[in-house]
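Just so you know, the protein sequences line up as chains U and Z, in that order. Each step along the first sequence adds one to the number in my numbering, with nothing skipped, and position 39 is 39. Each step along the second sequence adds one to the number in my numbering, with nothing skipped, and position 223 is 223.
It is possible that some hints are incorrect.
Stated by the list, open to error - Which stretches of chain U does chain Z cover? Using the computed rule of at least three CB atoms under 8 angstroms from a CB of chain Z, they are: (1) 110-121; (2) 178-186; (3) 253-259; (4) 266-278.
To be verified - Listed next, the in silico DSSO-like pairs over lysine-lysine satisfying Cα-Cα at most 30 angstroms (straight line): (5) K263/Z - K222/U; (6) K241/U - K222/Z; (7) K222/U - K264/Z.
Said to hold, decoys possible - Counterexamples of contact, computed for chain Z against chain U with all Cβ distances above 12 angstroms: (8) S34; (9) D48; (10) L53; (11) A82; (12) D146.
Derived from the structure by calculation, the hints contain no laboratory data. C-beta atoms are modelled at their ideal positions from N, C-alpha and C, and glycine is treated no differently.
There are 2 protein chains.
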Amino acid sequence: MRISIVGLGLIGGSFAIDLRKAGLADALLGVETSGEHARRALEMRLVDRVVSLPEAMRDSDALLLATPVDAIAAMLPTVLDAARPDQTVIDLGSAKLRIVEPARGHVNRARYVAAHPMAGTENAGPDAALEGLFRGKTVLLCDLDDSAPDACKTALEIFHAVGMKFEFMASDQHDRHAAYVSHLSHVAAYALSLAVQTEEKAGYAVPRLAGGGFASTVRLAKSSPEMWVPIFRHNREQVLKSIEAFSERLQAFKACLDAEDYKKLEALIRDANQIRDLL
Amino acid sequence: MRISIVGLGLIGGSFAIDLRKAGLADALLGVETSGEHARRALEMRLVDRVVSLPEAMRDSDALLLATPVDAIAAMLPTVLDAARPDQTVIDLGSAKLRIVEPARGHVNRARYVAAHPMAGTENAGPDAALEGLFRGKTVLLCDLDDSAPDACKTALEIFHAVGMKFEFMASDQHDRHAAYVSHLSHVAAYALSLAVQTEEKAGYAVPRLAGGGFASTVRLAKSSPEMWVPIFRHNREQVLKSIEAFSERLQAFKACLDAEDYKKLEALIRDANQIRDLL
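Could you put together the complete structure from these sequences and hints?
Right under this line is the structure:
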């Protein structure tokens with residue numbers, strides 16, 4: 001299979017490494033607007049060649065769109081305009097509805113598969129690409145009814161090759177879900193980082209002294225705005241709801257401390273502990 | 001050196017493993033109110049014997065108090081009453097002021113060293129004890145002016161033996177600091193767990209699908225109320241302040257999304273990213 005990867009950052013680069021290793025790709029092409037990233041991707045031999053998007057469309061059986069979600073949304077209609085009946089276009093965006101909706105009713109909609117591989121790190125660019133990043137993780141496949149069976153098969157082959165498990169859901173369900181398990185975690189980490197840095201500036205050498213717990217909780221605050229502003233923009237309503245739900249729980253916690261109601265505080269913590277059974 | 005460890009859980013048990021390995025302890029005694037934990041600690045050979053607190057006082061050169069902070073505060077005056085001039089008592093609590101203050105002016109105050117090893121996991125009990133838990137981590141030593149030089153030396157030997165780096169500060173400064181880098185991280189994780197679980201109960205199989213980012217951010221929500229309610233209680237004022245600072249940043253984030261001010265959202269994220277330079 002000839003595979004093109006559009007966007008050679010953390011996600012695209014990691015797919016390149018594992019697809020090559022799995023032997024699924026006879027040819028691996030890259031599309032990358034950053035000259036620096038393109039150069040690094042070639043140095044690292046992530047892809048065989050870096051080409052333009054029209055060349056990638058011409059010379060590949062499957063395309064993986066691995067750019068920030070706003071760029072995916074902008075390019076998808078054009079990509080589908082040019083899609084051949086034997087070609088599969090897969091997007092890997094972290095918010096789905098505003099990518100999927102404009103493609104609804106497109107004459108080539110069936111060539112397109114909407115996917116969200118639930119894996120990543122806080123780092124960006126080709127140098128962040130990791131072997132085995134997706135192994136054992138889940139890919140959420142959305143609205144498969146709207147994709148052609150052979151396009152679904154190609155997508156499943158690709159995700160299987162990198163070791164992923166499959167889950168299926170509608171795009172709107174995906175976005176609500178992703179708001180809670182992924183986007184909200186980033187918001188919480190960003191807010192924690194900002195709060196701690198304010199203290200730091202006030203003369204407390206806070207982060208230098210921190211243990212592993214703080215590092216773990218704040219890790220996602222290192223994630224880039226280039227990737228995350230578009231995600232928050234695309235999934236704005238659901239993210240706002242999740243922040244509200246989170247704020248309510250935070251206020252409930254604060255209210256217990258305010259009122260020195262330690263019985264209730266203990267009950268809240270015991271409820272929170274149940275995440276053990278769910279992860 | 002004959003060392004007694006009071007409380008054979010995650011922290012006490014991990015000290016037992018590494019102090020034995022370092023060859024610093026000729027004899028290692030344990031004090032443990034839970035019969036089950038005492039039995040496990042002996043099975044695991046964490047300590048040579050489990051004894052009563054008075055026996056531990058009689059038969060050891062140094063005592064490490066590694067129970068929840070309320071139990072430390074309750075036992076410290078009695079322990080100091082019995083402390084010999086050649087004996088060192090070290091507490092390992094995560095909040096200091098309400099442990100240190102009642103000991104101020106005690107005739108044997110100089111035998112006591114207040115310490116907070118900044119290391120741990122979300123697990124509890126002797127089975128959670130980990131070899132190397134403290135290696136490369138920082139121990140905050142508080143109010144050392146109030147401790148006798150030979151007691152300080154003993155404490156430094158013990159923390160050095162398990163591979164820790166030292167930082168020195170006043171108890172009140174410690175508590176403000178710890179609220180931000182440790183206690184607030186736990187509050188945020190508990191609130192995140194509660195918010196996500198509510199969604200889960202509403203029929204969204206949220207956590208099952210989560211990636212590594214969520215797992216990392218929510219990890220501390222598994223931490224037990226037995227340890228954490230007393231910490232929040234002891235450091236209530238500072239934790240309340242840190243929750244307020246965190247809530248403000250969260251609301252600032254939400255306000256950007258509400259107003260669709262993505263330039264400002266990007267600026268907030270860039271500020272949050274600076275945690276990279278501090279960790």
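Hint-by-hint comparison with the structure:
Remark: the region 110-121 of chain U is confirmed as covered by chain Z, as 4 of its residues place a Cβ nearer than 8 angstroms to a Cβ of that chain, reaching the required three. Closer than 8 angstroms: that is the beta-carbon criterion, and the region 178-186 of chain U has 6 residues meeting it against chain Z, so the requirement of 3 holds. Chain Z is given as covering the region 253-259 of chain U, and this holds because 4 residues of the stretch bring a CB closer than 8 angstroms to a CB of that chain, at least three being needed. Figure legend: the region 266-278 of chain U, annotated as covered by chain Z; annotation consistent (11 residues with Cβ-Cβ distances under 8 angstroms, at least 3 required).
Restraint check: the Cα-Cα separation between K263/Z and K222/U comes to about 18 angstroms, which is no more than 30 angstroms; the hinted pair holds. Proximity of K241/U to K222/Z is assessed by CA-CA distance (about 24 angstroms); at most 30 angstroms being required, the pair is judged to hold. Restraint check for K222/U and K264/Z: the C-alpha separation of about 17 angstroms stays at or below 30 angstroms, so the hint holds. Against the 12 angstroms criterion, S34/Z stays outside the reach of chain U, whose nearest CB is about 18 angstroms from its own CB.
Residue placement check: D48/Z keeps its beta carbon more than 12 angstroms from all beta carbons of chain U (closest about 29 angstroms). At the 12 angstroms boundary, the C-beta of L53/Z stays outside the reach of chain U, the nearest C-beta of that chain being 25 angstroms off. Chain U leaves A82/Z outside its interface by the beta-carbon criterion, the shortest separation being 30 angstroms against a cut-off of 12 angstroms. With a minimum CB-CB distance of about 21 angstroms to chain U, D146/Z clears the 12 angstroms threshold, and the non-interface call stands.
Hint compliance for this structure: no hint is broken.
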